[in-house]
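Protein chains in written order, with the UniProt record's numbering: chain G, 1 to 704; chain V, 1 to 330; chain S, 1 to 185.
It should be emphasised that the hints constitute simulated quantities derived from the structure, not laboratory data. Hints are supplied without guarantee of correctness; some may be wrong.
To be verified - To give a feel for the contact side, a few chain V residues facing chain G, derived at Cβ under 10 Å:
no.	residue
1	Asp10
2	Ser13
3	Glu233
4	Arg234
5	Phe239
6	Ile241
7	Glu287
8	Tyr288
9	Asn306
Stated by the list, open to error - So, partial list: chain G residues that the calculated Cβ filter (under 10 Å) puts toward chain S:
no.	residue
10	His72
11	Met188
12	Asp198
Stated by the list, open to error - Here are the computed distance ranges between Cβ atoms for each label pair:
no.	chain 1	residue 1	chain 2	residue 2	range
13	S	Glu175	V	Gly65	50 to 58 Å
14	S	Glu16	G	Gly36	21 to 29 Å
15	S	Asp87	G	Thr257	50 to 58 Å
16	S	Val184	G	Thr642	46 to 54 Å
17	S	Glu175	G	Asp225	53 to 61 Å
18	V	Glu287	G	Thr420	25 to 33 Å
19	G	Glu376	S	Pro145	51 to 59 Å
20	V	Gly197	G	Arg698	29 to 37 Å
21	S	Pro145	V	Ala328	30 to 38 Å
22	S	Ala2	V	Pro208	19 to 27 Å
23	V	Ser136	G	Pro59	42 to 50 Å
24	G	Asp198	S	Glu175	34 to 42 Å
25	V	Thr285	S	Pro145	52 to 60 Å
26	V	Glu327	G	Arg408	49 to 57 Å
Note that the structure is predicted; figures quoted are calculated from it, not measured. Just so you know, even glycine gets a beta-carbon here, dropped at the ideal spot from N, CA and C.
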Amino acid sequence: MTTATTGAVGTAHTRVEGRDKVTGAARYAGEIPFAGLVHGWLVLSTVARGRILSVETGPVLGMPGVLTVLHHGNAPRLDTDYVGMLGVPPDPTAAVFQNDRVPHAGWPVALVVAETPEQAREAAEALVVTYEREPHDIELFAGRPDAYAADGHMPAVTEKGDLEAELAACAHVVDVEYTTPEEHHAMMEPHAATALWDGGRLEVVDSNQGATWVADELARMFSLDASAVRVRSEHIGGGFGSKGLRAHQVSAVMAATALQRPVRVVLTRRQMFSLTGYRSPTVQRVRLGAGPDGRLRALEHRSLNQTSTVWEFVEPSAGVARVMYDADAHRTSNEVVRLDVPSPTWMRGPGEAPGSFALEAAFDELAERCGIDPVELRLRNDPERGPVSGLPFAGRNLAACFREGARRFGWADRDPRPGTRREGRWLLGTGTAAASFPSGALPSTAAVTAEADGTYTVRIAAADIGTGARTALTLVAADALRVAPDRVRVRIGDSDFGPAGIAGGSMGTRSWAWAVTAAAEELRGRLVPGGAVPPEGITVRSDTTAALGALAQKERHSFGAQFAEVAVDVATGEVRVRRMLGVFAAGRIVNPLTARGQLVGGMTWGISMALHEEAVRDRAFGGLYGADLAGYHVATHADVPTVEADWVDDPDPDDPVGIKGIGEVGIVGAAAAVANAVWHATGVRHRNLPIRPDRVLRAGGTGV
Amino acid sequence: MREFDYRRADDVSGAVALLDADPDARYLGGGTNLVDLMKSGVERPARLVDVRALPLDRIEPAGDGGLRVGATVTNSDLAAHPVIRRDYPALAQAVLAGASGQLRNMATVGGNLLQRTRCGYFTDVTKPCNKRVPGSGCPAVEGEHHNHAVLGASGHCVAVHPSDMGVALTAFDAVVSYETADGPGQSPLADFYLPVGDTPHRETVLPPGALITHVTLPPAPVAARSRYRKVRERASYAFAIGSVAAALDVGGGVVRESRLAFGAVASRPWRARAAERVLNGAPATAEYFAAAADAELAAARPLPDNGYKVTLMRNLVVAVLSELAEEAAR
Amino acid sequence: MAPPTSSSVTLNINGEKHPLSVDHRTTLLDALRERLDLTGTKKGCDQGQCGACTVLVDGRRTVSCLQLAVASDGREITTVEGLADGDRLHPVQQAFLDLDGFQCGYCTPGQICSAVAVIEEHAAGWPSAVTGDVRPEAGPPPLTPEEIRERMSGNLCRCSAYVQIVEAVARAAAEHRGETERAVA
């Protein structure tokens, strides 16, 4: 046994499962073979609101290969009266076939199961469902009388000072409304699950962001003992907040129970657009008031989002203002309105992504009014303590990010006047914005085993949705054990490994690394140098619940400074991002190779959000228009230029590894930086995303 | 997708015989549009006749100095062909601006011309659509239509033709040849697509069961200086919101000959003859280019959310013709 | 008698012949994944809108979700599983691995198959939509990052590893050129 200190954390390592991914050997949820496997195909409602009158199963049951049709008339009743691991009740969209109500277009009304996928698809298409149609309401707009303030995972409203009085006394005031559209996760791997009963235990092979989370939800929903459910999720083709408990797992479990055969349900790309959550559109109003020196005296950030009639989800866009900027009068509020639409959910940078677009674009407008450089304006308004909480920051190295970013981007050479740079048909401009995202951790358990052959095995119900968590935990464990990373094998994605936090909220790697470090360090203490390890190995388990509970109350966040350069052809409306730079203060970076990818990926989401992404909800029918990847545009290769991400030293002193979290901060502020650059190029403020060619054409700009 | 019969044809007459003018049968080329439409339930053929193995995959000189392009030539091969790139560069550019490398490898010239609109109401069988179900209505007029037609549409249908290739072919006076059980026929591409009127479900002049065999490009020296510009909502792999195929022959600062066609503005690739009439003989200046665009776009009847296309097309025409004129002056 | 709705075909995949009876509705993608246990080829959209299912058919990149299995009879199909030479990764695979040209890995087999073809297409002198002058006398365009981006745009990556993918394709293309030059020398 070697005891060399390796210092693996902080050095670049290719992904431990990388070879499997580049050779096609890595198997995702819909790719594990089972003997006797049959295929389920969901049938979704074609009306946006109403009641199911009939499900005509007869003709379909006679079609080749069809085994059963599940619907509200024959499905088992589920328990939905519980609060799950994440502190929220289940979205009834996942608890399929419980009644005849249809609360939105694309609501699951039946599952057809057949021997082959082709047979299941044809039978699902042939299934006749009749409805009693009711008028629907899907219109989100500011000032809806039925909007109400809602908490979600933070208080709905925060307020201090006399906003109107301060605004009235300010030399410079910005009062603007911003909107962001409905946006979809659109991860490349569709949701897929195979359910089967094996020796009295329910086994689900799934694609999710937390195996114990989904196992816990399934156990509660089907009233099973927790030990009777095992969920595995080895490789996950992206999640971004969408891969929790959804209709596919629940309907697969129902069918596997009814048929006593393994049942696989894979969502189609189109079905994903109504069944797997999305980021709600937002309408945000920002009012900023500043003195002649640019120091804020008044800040108001109000956000309105939609949710479904069956589940309340708050997109807390105003929350970002509670962290970023202080003012004598400071008011933030998050409101929702219930519409006949699918339930929204967490999507990369929930709250912060749309909220930072509004707040950071408004800051750019304030900089213009004040005649102060946008970077300087942010530096002048960098608070010492949490503006709302009054708590100290566990590191707020935003100023360092801006200084380093401005230097590398060449910001000092910028002419602040808009519409002054032209290159052929393109107007050029640059923009900046600040970024932040909370750093959190969820209680997790881990087991680390010293094997007789001198290697180590880590077991934790972590999920690697592309974050590089498997590799990061390998490095963390290696350092804690003081061995080389190639001596450590990390096994994840199995609920039998015990409770662990989810891959979400930028908390995954931090939560799991904490648990792995605790178990590994204790194990190292137990091992006698040169001593023999028994054949079954020596295992130490950890549980971080108590340690997290004892953590000092602080404002813990990752921060960043975003810079973008764009080219705009105002004659055609085309906008191209030419380069982007993000400099982040995001805790200790475990693996620079994968961290860079994750931050650049987040920034690229910002480009996509600024210029492309928009799901269009059809007024007449209540569903989406063009619900596929040709209708819902995400950035392609050609849309993404040189994007650089780097970081400043910023370890969290209270975290055993120093981690803060990098999954989401990359998207925050990125769309605002692009929009601010479009203003700088054209002199026109685009306050409604995405900045589509038709909108640019209508708005015009310098040179038209 | 319902079950279907599949036949592979070895020769043109065999293919036509296998299809047998059966309204429930379809020719299968690259499948890039048809197979997708079958998955979404828009197309439910009982029989597919695979024509990919037919000897129609050549690009050959036509007798008069033009080119004869076989119907199963793939988009990739068309765009890579040296003579196309030299004599009709806008055609190569148009093809390359469409879809993706993978799709261009599969898609064929014949299939490209017969592809269906990507209107989101047409492709969603849960919605009404006069093109898919005659008489069911057109939700786009009152609904989502920011990428719908501004020229030649009717209250019955405002969908646009999605082809890029077809825009350049239309500009260059391509002629479509086809085979039927009753013998061959042909149609200039400019007359190939039927007016929308109140029959948007009837799209082309092809008789029932006809198989496109080739597309002929007449000699067009003007095409040697030509360009295709496409505007879309992301930089690649998206359908146009407006496009222009243009060719210009300038001598002594005056337009001697011009070709102009628009994409994504009508139910068919739109040959801009009114614009060409203004251009021919006029000074090659931005002022006249704009006047030419205006002459064509005077017929535009935009809906509430697609009026930007009139501005876009005007600007595109001026930009592309100006580039070509500058090139000619060099 | 009703016409047949299935056929016997032989799928020639990665140099191996697979006789198979297929429902005519079965796509090449589903035949690979559901019938032959070749799950390296991914289903992202099943509509030709994402590129995750890209394979090489007769040497050309193809979205296998829009290709019927019955129409693939007798054609040479190469999937991601057929690229490596035993334990030795294909240079494109190695570059993706070394430069972290992926995150979740789901679009990766399609990106890699596409990149292999992009390098060949470029070597064959094919222009692209960003090639300034498509006329043959202009000569083949250099494979700049802009050219790589345009040519790879049929492969979406929602994790957005685009920057690293372009770096990987550029490295593999440079290696490919080097090898070709050595072979010519």
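Structure-based check of each hint:
{"no.": "1", "hint": "Asp10", "result": "violated, 27 Å"}
{"no.": "2", "hint": "Ser13", "result": "violated, 32 Å"}
{"no.": "3", "hint": "Glu233", "result": "holds, 6 Å"}
{"no.": "4", "hint": "Arg234", "result": "holds, 5 Å"}
{"no.": "5", "hint": "Phe239", "result": "holds, 7 Å"}
{"no.": "6", "hint": "Ile241", "result": "holds, 6 Å"}
{"no.": "7", "hint": "Glu287", "result": "violated, 15 Å"}
{"no.": "8", "hint": "Tyr288", "result": "violated, 17 Å"}
{"no.": "9", "hint": "Asn306", "result": "holds, 8 Å"}
{"no.": "10", "hint": "His72", "result": "violated, 28 Å"}
{"no.": "11", "hint": "Met188", "result": "holds, 4 Å"}
{"no.": "12", "hint": "Asp198", "result": "violated, 21 Å"}
{"no.": "13", "hint": "S:Glu175 - V:Gly65: 50 to 58 Å", "result": "violated, 44 Å"}
{"no.": "14", "hint": "S:Glu16 - G:Gly36: 21 to 29 Å", "result": "holds, 26 Å"}
{"no.": "15", "hint": "S:Asp87 - G:Thr257: 50 to 58 Å", "result": "violated, 44 Å"}
{"no.": "16", "hint": "S:Val184 - G:Thr642: 46 to 54 Å", "result": "violated, 33 Å"}
{"no.": "17", "hint": "S:Glu175 - G:Asp225: 53 to 61 Å", "result": "holds, 56 Å"}
{"no.": "18", "hint": "V:Glu287 - G:Thr420: 25 to 33 Å", "result": "holds, 27 Å"}
{"no.": "19", "hint": "G:Glu376 - S:Pro145: 51 to 59 Å", "result": "violated, 33 Å"}
{"no.": "20", "hint": "V:Gly197 - G:Arg698: 29 to 37 Å", "result": "holds, 31 Å"}
{"no.": "21", "hint": "S:Pro145 - V:Ala328: 30 to 38 Å", "result": "holds, 31 Å"}
{"no.": "22", "hint": "S:Ala2 - V:Pro208: 19 to 27 Å", "result": "holds, 23 Å"}
{"no.": "23", "hint": "V:Ser136 - G:Pro59: 42 to 50 Å", "result": "violated, 23 Å"}
{"no.": "24", "hint": "G:Asp198 - S:Glu175: 34 to 42 Å", "result": "violated, 47 Å"}
{"no.": "25", "hint": "V:Thr285 - S:Pro145: 52 to 60 Å", "result": "violated, 37 Å"}
{"no.": "26", "hint": "V:Glu327 - G:Arg408: 49 to 57 Å", "result": "violated, 39 Å"}
Checked against the numbered hints given earlier, the structure breaks hints 1, 2, 7, 8, 10, 12, 13, 15, 16, 19, 23, 24, 25 and 26 and satisfies all the rest.
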